[in-house]
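**Student:** Residue numbers (my numbering), protein chains in the order written: chain A, 264 to 507; chain B, 557 to 631.
Mixed in with the good hints there might be a few duds.
To be verified - Straight-line distance between alpha carbons at most 30 Å, and here's what the computed DSS-like set of lysine-lysine pairs gives:
| id | chain 1 | residue 1 | chain 2 | residue 2 |
| --- | --- | --- | --- | --- |
| 1 | B | 604 | A | 339 |
| 2 | B | 587 | B | 604 |
| 3 | A | 339 | B | 587 |
These are calculated hints, taken from the structure and not from any lab test.
What follows is each chain in one-letter form.
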Amino acid sequence: MQTMQPLHAFTVHTQLPLDLFGVDISLTNTAIALLLTSICSTVILILLLQRQSILPGRAQLLGEMYFEFIRNMTLKNIHEHGEHYVPIMFTLFTLIVGSNLMGLLPGSFAPTTQIVVTGTLAVAVFLYTVYLRVRLHGWGFFHAFAPHGIPFYLMPLMVPVEILSFLARPVSLAVRLFANMTAGHTVLGVIAFFGLLAPWYVQWVPLSLSVALLGVEIFIAAIQAYIFCVLSCVYIDDAIHPHS
Amino acid sequence: METQSAALIGMGLAAVGMAGSGIGIGYIFGKMIEAVARQPEAEPILSKYAWIGFALVEAIALYALVLAFIIMGQA
Numbered sequence: 264m265q266t267m268q269p270l271h272a273f274t275v276h277t278q279l280p281l282d283l284f285g286v287d288i289s290l291t292n293t294a295i296a297l298l299l300t301s302i303c304s305t306v307i308l309i310l311l312l313q314r315q316s317i318l319p320g321r322a323q324l325l326g327e328m329y330f331e332f333i334r335n336m337t338l339k340n341i342h343e344h345g346e347h348y349v350p351i352m353f354t355l356f357t358l359i360v361g362s363n364l365m366g367l368l369p370g371s372f373a374p375t376t377q378i379v380v381t382g383t384l385a386v387a388v389f390l391y392t393v394y395l396r397v398r399l400h401g402w403g404f405f406h407a408f409a410p411h412g413i414p415f416y417l418m419p420l421m422v423p424v425e426i427l428s429f430l431a432r433p434v435s436l437a438v439r440l441f442a443n444m445t446a447g448h449t450v451l452g453v454i455a456f457f458g459l460l461a462p463w464y465v466q467w468v469p470l471s472l473s474v475a476l477l478g479v480e481i482f483i484a485a486i487q488a489y490i491f492c493v494l495s496c497v498y499i500d501d502a503i504h505p506h507s
Numbered sequence: 557m558e559t560q561s562a563a564l565i566g567m568g569l570a571a572v573g574m575a576g577s578g579i580g581i582g583y584i585f586g587k588m589i590e591a592v593a594r595q596p597e598a599e600p601i602l603s604k605y606a607w608i609g610f611a612l613v614e615a616i617a618l619y620a621l622v623l624a625f626i627i628m629g630q631a
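Taking the hints into account, I'd like the entire structure generated from these sequences.
**Tutor:** Laid out in structure tokens, this is it:
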């Protein structure tokens, strides 16, 4: 009986060792999957919107629905100048949902199961909100940590809590996406392993369960990308109007 | 050997955190059904928020899983 290694699928292998002035820029399976994701999503979106007409066909309708969905989500959550943030949210959503779905292909690899990838995305969003807040409010940046209307003797308690909750944002963003993807793939792996080990007359139980779980995973892949984008929108809106 | 067995016990204990998430998901969908029963025409709006809440609560359970992984890495 072979031993079960549910986390074996998430190891990073170097496929093509590269070195740029002493900096390791090797092509790993994460990088390859990310590149494939961006290429595939770009090609699919270009193909969908290739033949544009006043009376949209099925493909154009699909592409426009996808864009409209993200645009509505952005405009609903960012109340001022929401149009400016539609492109970045579209890119974020497409990248995340693409890399989540990429991992569901058999033999493939999901870049979002690496906390490096999700952490980079989350820290980028976080630094952008910090930049926005400093640019729009200057020294008023620090007002966000001292909410209005609380008695001053509560300040020593409230300010550290506010600072902590502010700093916890990128961590929770990154860990939420990473943990959801990793847990989903681990569960799929464990169920598939049960299916392989079980005697033939009960094999249909875990194998049919794994089909149902794949459906759930597709749903989770979309909903986690949606949540990442909604929370990014909320943080950007919070940076534009701190505690309004 | 003792550290390894302690790590296994710790990983099992980390799974206790998922109980709270189970309560949370039950609460979300219970309230959702209640709300839809009161006002069936509000279902599309409510279901969107219910799914967002579901994903947020589910993530809490997965933090427990991450903790278990960290303990596993320490052993």
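**Student:** Hint numbers the structure violates, sorted upward?
**Tutor:** Nothing - there is no hint that the structure violates, so all of them hold.
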